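Enquirer: What follows is the residue order along each chain.
There are 2 protein chains.
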Amino acid sequence: MARMKLLMIICDGMADRPSEELEGRTPLDAADTPVMDRLAREGQCGMMNPIGTGIVPGSDTAHLSLLGYDPYRYYCGRGTLEAAGLGIDMEKGDVAFRCNFATSDKDLRVLDRRAGRISGGTVELAKALDGRMIEDVRVIFKEAVEHRSVMVLKGTGLSSEVSETDPHKEGEIVWTAKALKPEAEKTARILNEFTRMSFDILDKHPVNLDRKEKGLLPGNIILSRGPGDVPDIPSFSVKHGMEAGAIVGITLVKGLCRILGMEVIEVDGATGGADTNLAGKMDAAINALIEKDFVLLHIKGTDVFGHDGDVAGKKEYIQKVDASLGPLVEKLGDDVLLALTADHSTPTSVKDHASDTVPLLVHGRGMRFDNVQKFSETEAAGGMLGTINGQELMPLMKGLAGWVDKFGA
Amino acid sequence: MARMKLLMIICDGMADRPSEELEGRTPLDAADTPVMDRLAREGQCGMMNPIGTGIVPGSDTAHLSLLGYDPYRYYCGRGTLEAAGLGIDMEKGDVAFRCNFATSDKDLRVLDRRAGRISGGTVELAKALDGRMIEDVRVIFKEAVEHRSVMVLKGTGLSSEVSETDPHKEGEIVWTAKALKPEAEKTARILNEFTRMSFDILDKHPVNLDRKEKGLLPGNIILSRGPGDVPDIPSFSVKHGMEAGAIVGITLVKGLCRILGMEVIEVDGATGGADTNLAGKMDAAINALIEKDFVLLHIKGTDVFGHDGDVAGKKEYIQKVDASLGPLVEKLGDDVLLALTADHSTPTSVKDHASDTVPLLVHGRGMRFDNVQKFSETEAAGGMLGTINGQELMPLMKGLAGWVDKFGA
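Line order of the protein sequences matches chains A and B. FYI, the numbering for the first sequence is 3 to 411, going by the working numbering. FYI, the numbering for the second sequence is 3 to 411, going by the working numbering.
Zero decoy hints are in this set.
Derived CB-CB ranges, DEER-like:
#1 236/A / 136/B: 56 to 62 Å
#2 243/B / 199/A: 38 to 44 Å
#3 74/A / 237/B: 22 to 28 Å
#4 411/A / 243/B: 47 to 53 Å
Since the hints were derived computationally from the structure, they do not count as laboratory data. All figures in this text were calculated on a predicted structure; none of them were measured in a lab. In this text, a Cβ means the ideal position worked out from N, Cα and C, and glycines have one as well.
With the hints as extra help, turn the sequences into a complete structure.
Expert: Take a look at the structure:
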């Protein structure tokens, strides 16, 4: 059987619940989606528990599962994913943290956890911390969006089993990091010294002196949370025997893909929001499939409307996604085994992730097809795939696409 | 997401097979059940393997599974469940047995395993044994229905790994209990001494002297079987983070609920049979939901008609259950996440439990709904839940009702 290449399209949080505004239909059901519906008619549909029945998935844990990994075994903490997502080269033994530029007084009492939502100047502030040594440990520090940043500690004898320094509310003294396991004593010591040092360096930094003069809150201390290490995880190519590319809307999932050794392909105008360059992402996927065996195409916008509770906006955005899929499907025909699904439900009525199943379709050359005429939560539930688990998606796709050797004779 | 409370309604053995008497329909399908059908239309349906494909569940093992516990790990033997069901306070280290009052001669040859189905006088006979000491072990002895009774041994160094003393047929000498593992030597010795003692005490007891005079068989010896200990099992509140109540028709499941730390709520006129006070049980469930987060409502009658092979009776009883559900559904509206299912099939054609799947519906606020119009084995199989395993029911309910934290980000 001639192999097909694989394209997994994940519309983040696309799955939803019935909405009164749509007369009891979901945004996906109510949307006019001729391309998705054609794929559903020609392909096979079903439902999927991204992680398991009753589990409310994060986008990170769900993507681990959909890419074929057990998230309970391999989930490594958000610091690592954010750091890798920002392009910091993480190695085994490193420990990563999500950080905030915050405002504190000289007693390290937190006045504002986000330093007045500081944006300009964080590149310079981060540079003032990046590369510092504490004992034999090197601090890698990089700014992210607004007050957010990421730190990676590189050195010997480090562990992610430390408590956070972020007190999570204003008016509290910055917390002292503690070792949650004996092997993390050194990491806690380094982290506490770093926190003190961050105030000493940042409080007198020109960017902050300037902010104080203007009556703005200085970003004069670093709060750390979400410690993560690099998991012992087989790369995507080792696990699946495929070279993989990823076109991904959010840092968190970019980080995961980098940790799995997938090539993260950046697209001009891709913003991770509803204003992203959908056509550019589709083109990038088509191009990536020339060299790669597997491409992950992740679209964030659907989830944004879910979190905002914007039913009409979500429906319209799904229609935009559908329209942008047209040229891609035209170009690929049925030469590529395509899967279209969501990483989780983000019901507009809930405004957050829910444990509901997500609809799934697979489409490719020579496959069976079922009686599903439209791609929606209710219709897909009547499809021939039944209800699968997220970790079954890769095996399902690989099997249908001819990547699997016979077991037995 | 605003949490809903949970109500799990189990109609024991309700699921069935097609019957000629009903022109190929099942009792549930043939029954006129407007309330269940409405719940099915407004909610989600599916099928459930209470324990697993091809497993014939007991009511005890099935309830363990539906309450979220692996029955292969936690099933503890029927003696324990019956003892707890009768209200005997079981503690770790105790060993419980199901017992019969039986008739033997002085050589301990069993003449009747049920002492002529003795009923009156067993309270007095049980009292004559209750509280006796053998070595450092205290005997707790309590009569149950007819010739049945329960014994709990409380003391040090006990084990349930002993063989039974009940020879299971007449004409045999009472079996000598043997240790199946070395740690049960003491228990076997105590049990054998108890058996001998039971004859010495009971044979000359006034109740039995009176029975002999009347030509009735005396209940002059105790036969023991089904040894069970108290399993290391997390309580329902620890496992699920919910305070739970149970309104249950049979001792076996009451015992299970007590072992799980659920409050067993007794209802006036609840008999565990088809003549039970259905309205009273429904009221009790509504009231229990004021204080509790989770309520189990178990209805036994359906199973009784299954065991009797009474097709028409089962159909009519299902209609009675449906009618009694009306006021409950009216009262609760969609503020409670309700699940309606069976713990196993008891096909009237089989007159015993079968491994068939059972139909399931879930109903609550804001959920998706599917195309199922009627609650029956065949229709539910077309629902959007697909086929789940019994152990998935609690996660499914908790997820839909907003009790689950996000895993990941």
